[in-house]
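Read top to bottom, the protein sequences are chains A and B.
Mapping the first sequence onto my numbering, position 213 (from 1) lands on 213, and the numbers just tick up by one.
Mapping the second sequence onto my numbering, position 21 (from 1) lands on 21, and the numbers just tick up by one.
Every clue listed holds true.
Lysine-lysine pairs mimicking DSS-like chemistry, simulated, CA-CA at most 25 Å apart:
hint, chain 1, residue 1, chain 2, residue 2
1, B, 161, B, 178
2, A, 100, B, 119
3, A, 228, B, 178
If you are wondering where the hints come from, they were derived from the structure by calculation, not from laboratory data.
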Amino acid sequence: MSMVHAASDDGKTYRMEGFWDPRRIHPLRSMILFALGTIIGIAIAGYGLFTAEGTVTHRVPPENLALVNNRPILRTDFIAQTETEFGMPFGETSREQRLKVLDEMIREELFVQRGLELDFPGTDPDTRTALVAAVLQQVVAEVTTRTPSEDELRKFFAANEAAYASEGTMVLRNFLVSAGKGPAATELAQRALAALRAGATPEELRSMGVEEVVPEHASPEQFYFAEKVHIGATLFDRAVTMDSGEVGEPIALPDGLHILQMVKNTHPTPSSFERARSQVLSNFVTEARKRVEDADLRYLRGKADILIAEDYAADYEATEADKP
Amino acid sequence: MVHGPGPFLRWKMCIAAACAALLLAGAGFYWLSHSARLAALMRADPDTVPGDADLAAFAIAYARPVYEQHCASCHGAALQGDRTRGIPALVAHQWLYGGGRVAEIERTILYGIRAGNTKTRHLADMPGFARAVPYPGYALDPLEPGDIRDVVEYLINAAGKPAEADAAERGAQIFARKGQCFDCHERDARGDDAIGAPSLVGSEWLYGTGTRQDLYDSIAGGRQGSCPAWSGTLSPVTIRALAVLVYAASHEAR
Chain A
1 MSMVHAASDD
11 GKTYRMEGFW
21 DPRRIHPLRS
31 MILFALGTII
41 GIAIAGYGLF
51 TAEGTVTHRV
61 PPENLALVNN
71 RPILRTDFIA
81 QTETEFGMPF
91 GETSREQRLK
101 VLDEMIREEL
111 FVQRGLELDF
121 PGTDPDTRTA
131 LVAAVLQQVV
141 AEVTTRTPSE
151 DELRKFFAAN
161 EAAYASEGTM
171 VLRNFLVSAG
181 KGPAATELAQ
191 RALAALRAGA
201 TPEELRSMGV
211 EEVVPEHASP
221 EQFYFAEKVH
231 IGATLFDRAV
241 TMDSGEVGEP
251 IALPDGLHIL
261 QMVKNTHPTP
271 SSFERARSQV
281 LSNFVTEARK
291 RVEDADLRYL
301 RGKADILIAE
311 DYAADYEATE
321 ADKP
Chain B
1 MVHGPGPFLR
11 WKMCIAAACA
21 ALLLAGAGFY
31 WLSHSARLAA
41 LMRADPDTVP
51 GDADLAAFAI
61 AYARPVYEQH
71 CASCHGAALQ
81 GDRTRGIPAL
91 VAHQWLYGGG
101 RVAEIERTIL
111 YGIRAGNTKT
121 RHLADMPGFA
131 RAVPYPGYAL
141 DPLEPGDIRD
151 VVEYLINAAG
161 KPAEADAAER
171 GAQIFARKGQ
181 CFDCHERDAR
191 GDDAIGAPSL
201 VGSEWLYGTG
211 TRQDLYDSIA
221 GGRQGSCPAW
231 SGTLSPVTIR
241 ALAVLVYAAS
251 HEAR
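Let the sequences and hints guide you as you build the complete structure.
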């Protein structure tokens, strides 16, 4: 084997003997390998950093149909999109139709990625609105999909039992002694009251000059909330306490004296847990979602650096302090 | 003085090594074969999987423990559902969403029903007509108690059971006009599986057993059932296998 020498700038000579022998330690070989590794590493990193192609994998996992800059297009989404677009089961669509959908999905993915590069979420109002909605959905997804235990639901039901009563209904007659009758109105109202308590019919009261107020297009039996809209809060508050068959004392309102006759008052009846369960579950989830949303917002605020202009800072901080 | 292993011990070591190699090869082969079948299940058109007996059997066996772990607590060990909680039987003949194809079942498992994601099935809710605001976000007037009872009679009559004729006639009008029930449940009350509106004239009920009280409760209080989205929790191939399991169970029941 011939002797090889390498000359350095300072005139020193390094012996190349043993450079190719892996059993021997050779400083020059170590340096060269180190430099080579560094150059290759930087080249790979640079290729990956500055071109999306540098980071792709060449194998598409079975659950995906394509990878666009490493972003997957799921087969399930592709199938749903194809069925929606052509209005037929996936199995009945042609190869051409499927390829068309695939091309559209790749096109969409490319534009979405370009949109992110152009920072549309930072500037475009529609994108921002959609983003807020999507983040909120994501935040509450876990509580929305979690199935609470029966014990949790029963506790929630027990804490809010009144909310699960059936809606009360009433059949109510509302007679009006018009304010236009002047001082005689009070006396007329007393006579009408006595007549009603004696079993007079609405026709008999009409003959006395007392009209029944009948809401347009309304059936006699009404849910509480609807009757409240029809007769107003003042009359309703009195009516809801009346028993079936009871005739109440005249109530003075700006339009005259009202006499209420409760034909039938069906009070709300508490539901059993079993009967109200679906509503309990719905309310439980709604409340949990609200709690999670609030907690998430508090967390985001807590870690954010929010700087408010001087002319708004004090007022804004005051409103923030009021929040739970 | 040190002795090496005797000839007998050497033989035993050789046999043990061969057994280990065989075992490893077997495990490797099983893993490769299992992976290949999972990939085949995922790459197949979902609706064709039940037609491939081997692949369907593989999917069902693969999905069974997952079903027991994640789904049985609501849908029941025998996929029978729970009518008291509005949880549909997966062996029923009627489907809330779609016609029960594997691809449709898979989509429901992936993204859930009212599960709070953008792809979830949630196009409509059943309003509660005995509320001041039956359906937030859509202008809909409440019904009166008598209206609800009339609609109940209409539905009882439509299901072929004895009902009060006058009330049923009035109920039909309310169904088609004031209540706007037809908008989701269609004019013939047979439902719309595109939006998850169930048929109201079939023999299968999601809530209760179709009694007057059950119907009244649903109309008065509204219904909004939900199903979790399993995308992200279970792998796509596991969800595909579950869809095949549910499809198979629903067809066995026929």
